[in-house]
Structure formats: C-alpha cells, structure tokens
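Participant: Here the protein sequences come in this chain order: A and B.
Position 151 (the first sequence) corresponds to 151 in our numbering; numbering is contiguous.
Position 200 (the second sequence) corresponds to 200 in our numbering; numbering is contiguous.
I should point out that these hints are in silico values taken from the structure, not numbers from a laboratory.
Keep in mind that the hints are not guaranteed to be accurate.
Claimed, not checked - Short derived list, chain A residues pointing at chain B, Cβ under 7 Å: (1) ARG96; (2) ASN97; (3) PRO203; (4) THR205; (5) PHE227; (6) ALA231; (7) LEU233; (8) HIS241; (9) LEU242; (10) GLY243.
These figures come from a predicted structure and were not determined experimentally.
Quick reminder that beta carbons are idealized off the backbone N, C-alpha and C, glycines included.
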Amino acid sequence: MNTSKTKKPSENRNKRLIRWFSIICILLIFVFVVSFLSFCIGSGGFFFEKIISVISARNTPEYSILFNIRLPRILLGFAVGGALSLTGVILQGIFRNPLVEPYTLGISGGAALGVALNIVFRIAKIFGVISMPMSGFLGAGVVIIVLYFLSIKKKILEMHELLLCGVMISFICSSVLMLIMAISKTENLQGIVFWMMGSLEEPNTNLIWWTVIISILGLIVSYFFCFDLKALLLGEEEAIHLGVNLERTKKLLFILASILTGLCVSVAGIIGFVGLLVPHLMRMFVGNDYRILNVSSFLLGGGFLIFCDLLARTVIAPLELPVGVITGILGGVLFIYTILKRRLLFK
Amino acid sequence: MLKIKNLVCGYPSGFTIKNISFEVKGNEFLGIVGPNGSGKTTLIKTITKLIRPVRGEIILDGENIGEMNFQDIAKKIAVVPQTFNMEFDMSVEEFVSLGRIPHRKTFQFLETPLDEEITRDVMRLTETFELKERAISNLSGGEIQRVAIARALAQKPQLLLLDEPTSHLDIGHQIRLLDLLRQLNRDNFLTIIAIFHDLNLASEYCDRLLLLKDGRVHSIDSPEKVLTYQILEEVYNTLLVVQKNPISNKPYVIVVPHPKEYQK
Numbered sequence: 001m002n003t004s005k006t007k008k009p010s011e012n013r014n015k016r017l018i019r020w021f022s023i024i025c026i027l028l029i030f031v032f033v034v035s036f037l038s039f040c041i042g043s044g045g046f047f048f049e050k051i052i053s054v055i056s057a058r059n060t061p062e063y064s065i066l067f068n069i070r071l072p073r074i075l076l077g078f079a080v081g082g083a084l085s086l087t088g089v090i091l092q093g094i095f096r097n098p099l100v101e102p103y104t105l106g107i108s109g110g111a112a113l114g115v116a117l118n119i120v121f122r123i124a125k126i127f128g129v130i131s132m133p134m135s136g137f138l139g140a141g142v143v144i145i146v147l148y149f150l151s152i153k154k155k156i157l158e159m160h161e162l163l164l165c166g167v168m169i170s171f172i173c174s175s176v177l178m179l180i181m182a183i184s185k186t187e188n189l190q191g192i193v194f195w196m197m198g199s200l201e202e203p204n205t206n207l208i209w210w211t212v213i214i215s216i217l218g219l220i221v222s223y224f225f226c227f228d229l230k231a232l233l234l235g236e237e238e239a240i241h242l243g244v245n246l247e248r249t250k251k252l253l254f255i256l257a258s259i260l261t262g263l264c265v266s267v268a269g270i271i272g273f274v275g276l277l278v279p280h281l282m283r284m285f286v287g288n289d290y291r292i293l294n295v296s297s298f299l300l301g302g303g304f305l306i307f308c309d310l311l312a313r314t315v316i317a318p319l320e321l322p323v324g325v326i327t328g329i330l331g332g333v334l335f336i337y338t339i340l341k342r343r344l345l346f347k
Numbered sequence: 001m002l003k004i005k006n007l008v009c010g011y012p013s014g015f016t017i018k019n020i021s022f023e024v025k026g027n028e029f030l031g032i033v034g035p036n037g038s039g040k041t042t043l044i045k046t047i048t049k050l051i052r053p054v055r056g057e058i059i060l061d062g063e064n065i066g067e068m069n070f071q072d073i074a075k076k077i078a079v080v081p082q083t084f085n086m087e088f089d090m091s092v093e094e095f096v097s098l099g100r101i102p103h104r105k106t107f108q109f110l111e112t113p114l115d116e117e118i119t120r121d122v123m124r125l126t127e128t129f130e131l132k133e134r135a136i137s138n139l140s141g142g143e144i145q146r147v148a149i150a151r152a153l154a155q156k157p158q159l160l161l162l163d164e165p166t167s168h169l170d171i172g173h174q175i176r177l178l179d180l181l182r183q184l185n186r187d188n189f190l191t192i193i194a195i196f197h198d199l200n201l202a203s204e205y206c207d208r209l210l211l212l213k214d215g216r217v218h219s220i221d222s223p224e225k226v227l228t229y230q231i232l233e234e235v236y237n238t239l240l241v242v243q244k245n246p247i248s249n250k251p252y253v254i255v256v257p258h259p260k261e262y263q264k
C-alpha cells in the first residue's frame, strides 16, 4: 500500500503510453521488414544486393517488376490484411466472442457470391469496375443484415447458434458459387475461381489506392468507437449502464464492418482466418484495450498478409498459390488450437 | 431524489410491473424485497432505461429519465449487476477505470489525472487496491463483487443500484460487503437501492424496505413495519415467525419447515 502511494497517476499513464508507442514501433518495423523482403523476393528474381541500383535506374524490366507488380501487391496486402483484422476486432467486440470474424460469420461468403453474380451477369461491363466492390459490399451487407436481425435486433439466436448459422451461410454461399460455376461459361470460370481462393493480384491500380484509403479511413473511424467497444467487454446491459447508446453503436459498427469486408473480398477474394488469427494474437499480447488493439491488429494483419502473399508467390515458384490457401491453413490450425485450449482450460 | 409515478411495464403477453409509485429520498438505503417474479429486477432495469415503460414516468432529480440520454443517466446512476459474463479478460485496474467512460469528453483519448485519481480512490475505499494487477478471471466471488462496486463508484454516481449483491457470497463476505455499502451510504452520502432475497440482511441494513408482490407495491416502510409475520405470510405464502434480533433490535425472520419435517 505504501509503496504504491509514491507512484503518481500521471507516471502510470506515461508508462502505458510508452508501452503502446513501442508496440506500434515494433509492428511498424515488422511491416517494413516483411514489405522489404516481399519487395526483393519473387519469381522475377532476387534483388537484395542490387536493390538500390535497380530502384535508381528507371525503364528497366527489373524496375517495372518492382514498382508495377510487387509494390501494388504489398500495398494491397497491407490494406486488405489490416482491414480484415480490424473487422475481426470489431465483430468480436460486438458479439463478444473471440471466434467471430467475417469468414466465420459468412460475410465473406456473401461478398464473394455478390462478386460472382456480378461476373456472371456482366454488370461490371455496364457500370464499370467500381461495381465490383459495390456488389461485394451488397453481398456482405445482405448477410450482415440477416445476422443483425436474427441476433441483435430480435434476439432470436444465441451466440453459439449464431456462429453455427454463420458457418452454414458460408457453406450455402460456396455451394451457390459452385452452382454458378457449374452452369457458367468457361470465360467466367477463371474470374470466379480467383475470387473463391483469394489473391492479391489486382490489375486495377485505382482500385488498389481506393482499398488503401478506405481501409485506413476505416481504422480512423473505428477509433470513434473504441470506448464503446471497451464498455461492451462487460456485456450489453453493462455497456448501456456505462452510457453507451448501444443500438446506434452496433448499427454503425456493422455498416463499417460490411464496407471493409465487402471491399476486401471484392478486390482480393475470400481470404479466411486473418480476421481471427491476428486479433487473437494481439489480444494475447496487448490486452483488450481497443485504443491499442485496433491499430496494432491493423498493422499485424497487414504485415501478416504481405508475408502470406510472399509465401504464396515463392513456395512453388514460378507458379503461384492462392494466398487464401496459406492464410486458411495457418489460421485454421490456430482456430482448432484455440478451441482445444479453451476446452482444456475449463476442464 | 428519485420519484416513480404510476409505472407500468411489461411485454404484450402480460405486465410485469403493474402501476408502481414510490419515492426515494436522498441518502437513503432502500431494500427491494419480494417473491420471485414479483418484478424486482424489471424495476431496476426500468430505472436505468434498459426497459422502456409502457406508462408512467421516472423522475431523477427533477429530470425525466425517458428524456435523458444514456450518458447523462450513467453519470448519475451506477449499477452493480448480479454476475458478469465476460469473454475477454482484463486487469482489475482496467476494469475499475471503465467506470470513468461516462465522464469522457467527446474527443478525449486518454484518462485524465482526475480519472486515475478517482480510480485509485475507489479501489482504496473498497479495499481492492492490492488486487489491481490481478486478472478479473482469477478473482473469488467476494472480490469480484467489491471490484464491481469499485467500478460503479468510479462513475461518481448519486444513486447506486444493486441486484442481489450478496447472492453468491458466504456469510462473512455478505457482512463485509453490506458494511461497506452502509459506510458508503452514511459517509459518502450515496443513495442506494438494492434487491435482497435474504430478508434478515435487508432488515439489518436498509432504512426502508419496498415489498413487491405481483408487480405491485405491497408495502413500503421501515423494516419493523414491513417484516411482520402477517404481511410475510401473505406475500410469500409460507409459514414464518418474526422475532427481534437481540443485538440490533431489528426484525429477524425465522423459517418454519413443514410440520412433517421437524416432528420426525
């Protein structure tokens, strides 16, 4: 008691700020290292030693590989990984369950279905390339509205039932996707397969920039809700007792989550488990304070997806694996591990 | 300070609160007692606007609760729930500091020195300061209740609502907790409304008791007037004997098992 009295409260706060700052610095270093590796390694050759000479000399094929192929992929990986992780953090906060993410709730599936329908009906030909993310957003939105009414508004579903429903929605969406593939023409098949497996190959530079900007805007917007999410840690009624306008907060966060998911899926396809794995790790390391959790999950998610993409490009080079396969294997194993650990802990 | 007028609330299938009116004075310790399903918890939830009433109004310090926003209510009323259902863990200090959320300014990102001072003070007051580094999931039932009260006090409320604060505690922790509540009531001028199942604890600690039956106020008065065997037998529909606690002179309810049980 006496020893603690000597500590001033502001010191306490400064200590925490320094801790948060160093966490962000470490994660930024991680992102830069992974980006640098991803920048230098690839099927087009390794550029470790001559990186500076390649960058300085324009109009060479190497320069073109670096800046037209690898750099956009890094940017897209960062934005998509970050946005998916952030969505995971937000959805876990709303549903107060660590196993929730866009993929397990079927939101990714809905978005992929939306994009597939767009391809089959050639909507992009009429309304331009911007209709791709729009249809992804619509697909995600439909699933989110269904989940919202079943579990939040009418309270028909319990948490575990909601998770089961989410998984079922995922299955239904992928089955419908397969149906579409079975009856669609071969020229559409390539595009749909691409979306089902997830890839960071995106030829449209404008769309990449849009993704980067919107995901970072999403991160900023999420900070308006970090105290509401913190209060929600205690439960819904307790959050109201702490002065949170729960209905409004949930509605806005759901809209944010579906925008981010729809965007990610429409530019990169279904990339599973990033939104599960990254927030899980970050909660273990930095705790459940959303003021640090949001930004650190975003950074780790971005770095993680860049790393997965690096693996996807190099494991069987010159061929390429879909990045969703890598994240699916890594994340799925952790998913099982989490459930087992919880089981063992409570027995 | 709290006025409840002709309150009716419930669901289309039936009303759980049927026309309740009463008044709570400042600095009072009011106990709510009554059989299961008599509307005790519903009443508490209505006071904090978790449930919207069908009719009637709740006036807190001259302001109608129905017209206040959640944040303004949270600055004046704090609630200690029966249990917490937390999926994600945190430290005791973090938990208690959540009570400062209602007092946050719109763009305030960090706790102010005042927030930290209040957090520390309420932890000292509830004797939870030594626990501040511990995780909530590692606390015992008695410790969790004290920490929950610390969090509620961090809101600096005028009115504290508790839903069966002693239900999961052993007799020693029950007394410690209620002594703390009475101390807060007397020394810190906090108005307290608490639901009790244990009539004897309610009798010892409350200034007045509100006895609910079937969603109506059966009686609201001092424990001596409410806890009589006539009233209790009518409300609880069981045989009870009321005597006086020889130490405190408060009414003491003695249960009487069915004759078959004790004549064996």
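Participant: Quick one, is the ALA231(A) hint okay against chain B at 7 Å, beta carbons?
Facilitator: holds (5 Å)
Participant: Does the closest beta carbon of chain B sit nearer than 7 Å to the beta carbon of ASN97(A)?
Facilitator: Holds, because the Cβ-Cβ distance from ASN97(A) to chain B comes to roughly 6 Å (cut-off 7 Å).
Participant: With a cut-off of 7 Å, does the beta carbon of PRO203(A) approach a beta carbon of chain B closely enough for the hint to hold?
Facilitator: At about 40 Å, which exceeds the 7 Å cut-off, the nearest Cβ of chain B leaves the hint on PRO203(A) violated.
Participant: Once the shortest beta carbon distance from ARG96(A) to chain B is found, is it less than 7 Å?
Facilitator: This hint holds: ARG96(A) lies near chain B, its Cβ roughly 5 Å from the closest one there, short of 7 Å.
Participant: Minimum Cβ distance from THR205(A) to chain B below 7 Å?
Facilitator: violated (35 Å)
Participant: Using the nearest Cβ pair, does PHE227(A) come within less than 7 Å of chain B?
Facilitator: It holds, given that the least Cβ distance between PHE227(A) and chain B is near 5 Å, below 7 Å.
Participant: Classify the hint on LEU233(A) as holds or violated, based on whether any CB of chain B lies nearer than 7 Å to its CB.
Facilitator: Holds: closest Cβ of chain B sits about 5 Å from LEU233(A), inside 7 Å.
Participant: With a cut-off of 7 Å, does the beta carbon of HIS241(A) approach a beta carbon of chain B closely enough for the hint to hold?
Facilitator: Holds - the Cβ of HIS241(A) comes within 7 Å of chain B, reaching about 5 Å at its closest.
Participant: So, LEU242(A) near chain B? Judge it on the closest CB pair being under 7 Å.
Facilitator: holds (5 Å)
Participant: Go through the hint on GLY243(A) and say holds or violated, using the shortest Cβ distance to chain B against 7 Å.
Facilitator: The hint holds - GLY243(A) has a Cβ within 7 Å of chain B, the shortest such distance being about 3 Å.
Hints 3, 4 from the earlier list are contradicted by this structure; the remaining hints agree with it.
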